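Novice: Letter by letter, the chains look like this.
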Amino acid sequence: MLKYIGKRLLMLIPVLLGVTVIVFTLMYITPGDPVDALLGDAATVEAREMLREQLGLNGGYFERLFRYIGNLLHGDMGISYATKQPVFTRLLETFPNTFKLALLGVTFSVVFGLIVGTISAVKQYSIFDYVFTFICMIGNAMSSFWLGLLLLLTFCLKLKWFPASGFSSPRHWVLPAFTVGFHSAANIARMTRSSMLEVIRADYITTARAKGQKELAIVIRHALKNALIPVVTTIGMQFGALIGGSVLVESIFVVPGVGKMMVDSIKSRDYPVVQGGVLAIAFFFCIVNLIVDVLYAYIDPRIKAQYKSGGRQQ
Amino acid sequence: MKKYLHKIAAVALAAGMLLATACGGGSEEPSGTAGEPRDEFKVAANREPVSLDPTDVTVTYASLIEAQIYNKLLKFDKELNVVGDLAESWEVADDGVTWTFHLRQGVKFHNGEELTSKDVLFSFLRIYDAPAVAISVAYIDKEGFETPDDYTFVLKTTVPYAFLEAELCSGNMCIMNEKAVTELGADYGRNPVGTGPYKFVSWAAGDNITVERFDDYFGEPAITKTIIFKMIPENSSRTVNLESGDVDLVIDIQESDVDRIADGEDTLLVTGSTGSVRYIGLNCRHEMFLDKRVRQAMCYATNIDEIRGAVYPHATPAQVTPVPPGFVGRNEGLAGYPYDPEKAKELLKEAGVEDGFTVQYIYLAGAANDQTAQLLQKQWEKVGVTLVLNPMESGALSTAMNKAEQDACCAGSNMSSFEAGKGLYDFFYSGSIGNTSNRTYLDDPEVDKLLEAISTETDADKRAQMVYDVQELIMEDAPMAVICHTNAYVGMRKTVHGFEFLPTGLYDLSKVWFEVEPE
Amino acid sequence: MTQNNAAASAPVQETYKKRGQGKEIWRRFRRSKSAMLGLFILLTLIFMAVFAGVLTPYDPTEPDVPIRLMKPFVDSAHILGTDELGRDIFTRLCFGARISLAVGLIAVSISLIGGITLGSLAGYYGGTLDNVIMRFIDILMAIPSILLNISIVAAMGQGLQNVMIAIGISSMPGYCRIMRASILSLKDQEFIEASRAAGASDFHIIVHHIIPNCLAPLIVQATLRVGGSILACASLSFIGVGIVPPTPEWGAMLSTGRDFLRDAPHLTTIPGITIMLAVLCMNFIGDGLRDALDPKLKN
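Residue numbers (the numbering used here), protein chains in the order written: chain A, 1 to 314; chain B, 1 to 519; chain C, 1 to 299.
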């Protein structure tokens, strides 16, 4: 197992390097100059030249790429063009908020999705199945910024239940987390439902039932545990995607998160922040996936056996 | 409950008066109905400042916050007269280039240091090395500064420069403390030190900037102890935050929410002119627009009223000239180019391009600009000109404009020095191409000559006459179709007191306070 | 990306009874009420798209400022009201169906083609090629798709075409993985070996034997992604890097309407609900297809 984890961690290096190169290249070919983006209208040609020099924007593609990677290897993610802060500081300021938002969102969607999915499967074709599956699918089908704005109008303005902006206390967390979680709840519910349906027809469930066990015990102890396996991957995926993917929700509820910072940085051509941010998100995404895969092994004895018998085909 | 209603009614009445007076240009303290003052209020705007170092890149919001933290040598009052700020008095020598400023004595910085002419000199010198603001000292001689004593500061302009006073009032010219800047180094932008009524406390990235009353302020101490500046990028979110009471003052209400805030039960709106211009600029260097007649045709083909009515219903109509109303020297007698597609077609025929052509049109992607673009596209289509829309995000747009890649653009700019002559100089002087807001790339020697003369004419009356004359020349060239002068829309809770609108947007928040609102 | 595991786990065997198989799937598909509802909605939307020019007398891009922001169900001439420039919303919705459905379809096709190609190469040949392709896919997956979309559109410029390409590229990894997994499970099966022994080329084997046998999970995934692509397009419009006006695209309509959320909520409600219906119907169809294509659920 440890050997597997080690191997996976090693594989991070080419992936992260690839991410760096791809993002660097995309930013490089993007029209628009950070100097112009920063200075806007009122600046002389000499001033632009001076800033270009200060930011280290002179030099060709390879020169700058290698310089960036070289600095990165020394643990230096660069300085934000706009705020002149180290990129690492910027990330420290924003990443925790996004992490919290993603964690809360995923928790909500897992709780909601698992319950709905399980009951829907157990009581297939019942009213409950239809109604809740439908609600989940609505959440999935709504554009998240529209949903967010509607929630804002309803719960902040009309009902005044929650504050309209900020992310400093649990009351602030509810609406953004719901908006984010509602969207992915459907995926988890659907996943749970179909994998439960598969499991529930399996022989061992019939056996358990024949042995006279309580239905609830059967569902939770036998069915859900086995149905969870594919669901865990979905959860991992959702969590990974939410880091950096909840830009719209961050904008609407004014969550000082990494997604919004990234979009602003892309628009203002703040390359070091874009590169550092994507790199951090990618790193995080890979780690989450690794954890999911390890979890997977614990839930599914078959996979665990595979690790023991020497590596799994990746 | 009854008490609550009563209070609301009383406050609403008082606030109604405030709105009425505020719209008239200034505002007065409503008397007799004031409730308990709060020791904190929250302000919101759309964009987070990148730094509170005045020599860094400045967004409007940063200037407002800096206006609470810093002082400048001079400032504009609400009638746009230049008055002293840190300078108690100042005079220009007979040579027209040597300016002497006598500083206020006993002014303390937030770190306890006393302001001296050394700090002023340091602040000026710092600007030369700051690309974002270096343009502000372009006419000041770097070698010409003198500090004869601690409270006297002398500077020399390279030529007799008409706009120096206006320039010194700009947000770029804040006076910093030498010791603080040197000690903090790269961290200074997030730990600013000034002489203003509020001192910086904290900055939570992406969320808020907090300032607190500075007790040793040389002027009247601030009324409210703490101000929290929040950043809320989404327009509708910002309005909701004001209506729900999550913030107390929003400095940039979007056009489509103006009526809602003005008529709101708990909110009121203060509006005023800011010297801003929105226009459709033609690239005078572009092959198709080299011919003046074609440019004039495009102006005739543009239905300004339709665009303004749909997109900027609350803005001040422009009358041909880009100089906003209220500016000295504004030429209101210009005939201009009233909407007349037939005339446009005639002119195009004269110029030999009656078969039409294609125009690449660039603009900053966003609701208002999108709408303008779509209307314009249909209007120009009627005279056979195809408009290709290229919405861009800010990063790409500035570069495209600096390279003059477009045939036409939609742009907005501020005559932030509140000097028509300076504004026109920035907009239309050929030497400004690539430097400032000359987005039409107009290069007319006659216009240039007059603009040069304006910038060195220190006699205000003569300058006004020249400004008046040059507008006619410029509009004959038809480099742009002016859409309107957008206003600032400041929304606030009705419990506000002491807010005074300033065209500069650098509102003095030290006099503002809010009543405790009933829950 | 989230659905492919179920899709991939759907066994892909017994496709021999060529004739009658389609009928059988249709029979099973028909049994699902939600799938049929989805199909009905989809056909309605397609009908709107095809007959947009006939259904309404208006031009979707011609402004009529005096009647801007007209409320819906007030004037029978503009049954769904007018937008911020006075254009008939029903008209824009109909013409928008063309654009939005095309966005969904083309974006998915791009990722389908890319995914199938890369996935087959990786799965079939294995070894270094597999490693290189899968690392590339890992890289794509590690960048959040919305950020990747924005960067690609920023690099290539705004516009319908580039938006479709961006969305297509960023959702490619899912298909690639499904394809590769399917191939790995098929590669060593007897009928493949038989055809190899008979001297068939790799290309022939992939196109004629492997792809048809992997189709089921791919089709399901593709159907489910059509809705996702329409939503992604709306998100891009929200951020300000979407399609270029005056193109009547649903996502752009929704995004522009948000500035009028309070005074003219129909500007967001109508396209919002339309997008929701489109996504729902594709999801219903996708779920129905999965059940219909999955022989295990056959009773």
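Calculated directly from the structure, the hints in this document are not laboratory data.
On a predicted model such as this, the values are computed, not experimentally measured, just so you know.
C-beta: ideal position from N, C-alpha, C; glycine also.
Incorrect hints may have been included.
Listed next, the in silico DSS-like pairs over lysine-lysine satisfying Cα-Cα at most 25 Å (straight line) [what the hints assert, rightly or not]:
{"no.": "1", "chain 1": "B", "residue 1": "Lys-403", "chain 2": "B", "residue 2": "Lys-345"}
{"no.": "2", "chain 1": "A", "residue 1": "Lys-123", "chain 2": "C", "residue 2": "Lys-33"}
{"no.": "3", "chain 1": "B", "residue 1": "Lys-511", "chain 2": "B", "residue 2": "Lys-225"}
{"no.": "4", "chain 1": "B", "residue 1": "Lys-345", "chain 2": "B", "residue 2": "Lys-378"}
{"no.": "5", "chain 1": "B", "residue 1": "Lys-292", "chain 2": "B", "residue 2": "Lys-179"}
{"no.": "6", "chain 1": "A", "residue 1": "Lys-211", "chain 2": "A", "residue 2": "Lys-225"}
{"no.": "7", "chain 1": "B", "residue 1": "Lys-378", "chain 2": "B", "residue 2": "Lys-422"}
{"no.": "8", "chain 1": "C", "residue 1": "Lys-33", "chain 2": "B", "residue 2": "Lys-378"}
{"no.": "9", "chain 1": "B", "residue 1": "Lys-292", "chain 2": "B", "residue 2": "Lys-343"}
{"no.": "10", "chain 1": "B", "residue 1": "Lys-225", "chain 2": "B", "residue 2": "Lys-292"}
{"no.": "11", "chain 1": "A", "residue 1": "Lys-84", "chain 2": "B", "residue 2": "Lys-179"}
{"no.": "12", "chain 1": "A", "residue 1": "Lys-158", "chain 2": "C", "residue 2": "Lys-71"}
Taking beta-carbon pairs under 7 Å as the criterion, some of the chain C residues facing chain A (in silico) [unchecked claim]:
{"no.": "13", "residue": "Tyr-125"}
{"no.": "14", "residue": "Leu-129"}
{"no.": "15", "residue": "Val-132"}
{"no.": "16", "residue": "Arg-135"}
{"no.": "17", "residue": "Asp-138"}
{"no.": "18", "residue": "Ala-142"}
{"no.": "19", "residue": "Pro-144"}
{"no.": "20", "residue": "Ser-151"}
{"no.": "21", "residue": "Ala-154"}
{"no.": "22", "residue": "Leu-231"}
{"no.": "23", "residue": "Ile-239"}
{"no.": "24", "residue": "Leu-254"}
{"no.": "25", "residue": "Gly-272"}
{"no.": "26", "residue": "Leu-280"}
Novice: Each hint needs a verdict: does it hold in this structure or not?
Specialist: Now for the hints, and whether the structure bears them out:
{"no.": "1", "hint": "Lys-403/B <-> Lys-345/B", "in the structure": "violated (30 Å)"}
{"no.": "2", "hint": "Lys-123/A <-> Lys-33/C", "in the structure": "holds (17 Å)"}
{"no.": "3", "hint": "Lys-511/B <-> Lys-225/B", "in the structure": "holds (11 Å)"}
{"no.": "4", "hint": "Lys-345/B <-> Lys-378/B", "in the structure": "holds (15 Å)"}
{"no.": "5", "hint": "Lys-292/B <-> Lys-179/B", "in the structure": "violated (55 Å)"}
{"no.": "6", "hint": "Lys-211/A <-> Lys-225/A", "in the structure": "holds (19 Å)"}
{"no.": "7", "hint": "Lys-378/B <-> Lys-422/B", "in the structure": "violated (34 Å)"}
{"no.": "8", "hint": "Lys-33/C <-> Lys-378/B", "in the structure": "violated (46 Å)"}
{"no.": "9", "hint": "Lys-292/B <-> Lys-343/B", "in the structure": "holds (14 Å)"}
{"no.": "10", "hint": "Lys-225/B <-> Lys-292/B", "in the structure": "violated (58 Å)"}
{"no.": "11", "hint": "Lys-84/A <-> Lys-179/B", "in the structure": "holds (20 Å)"}
{"no.": "12", "hint": "Lys-158/A <-> Lys-71/C", "in the structure": "holds (22 Å)"}
{"no.": "13", "hint": "Tyr-125", "in the structure": "violated (15 Å)"}
{"no.": "14", "hint": "Leu-129", "in the structure": "violated (15 Å)"}
{"no.": "15", "hint": "Val-132", "in the structure": "violated (10 Å)"}
{"no.": "16", "hint": "Arg-135", "in the structure": "holds (6 Å)"}
{"no.": "17", "hint": "Asp-138", "in the structure": "holds (5 Å)"}
{"no.": "18", "hint": "Ala-142", "in the structure": "holds (4 Å)"}
{"no.": "19", "hint": "Pro-144", "in the structure": "holds (4 Å)"}
{"no.": "20", "hint": "Ser-151", "in the structure": "holds (5 Å)"}
{"no.": "21", "hint": "Ala-154", "in the structure": "holds (5 Å)"}
{"no.": "22", "hint": "Leu-231", "in the structure": "holds (6 Å)"}
{"no.": "23", "hint": "Ile-239", "in the structure": "holds (6 Å)"}
{"no.": "24", "hint": "Leu-254", "in the structure": "holds (6 Å)"}
{"no.": "25", "hint": "Gly-272", "in the structure": "holds (5 Å)"}
{"no.": "26", "hint": "Leu-280", "in the structure": "holds (5 Å)"}
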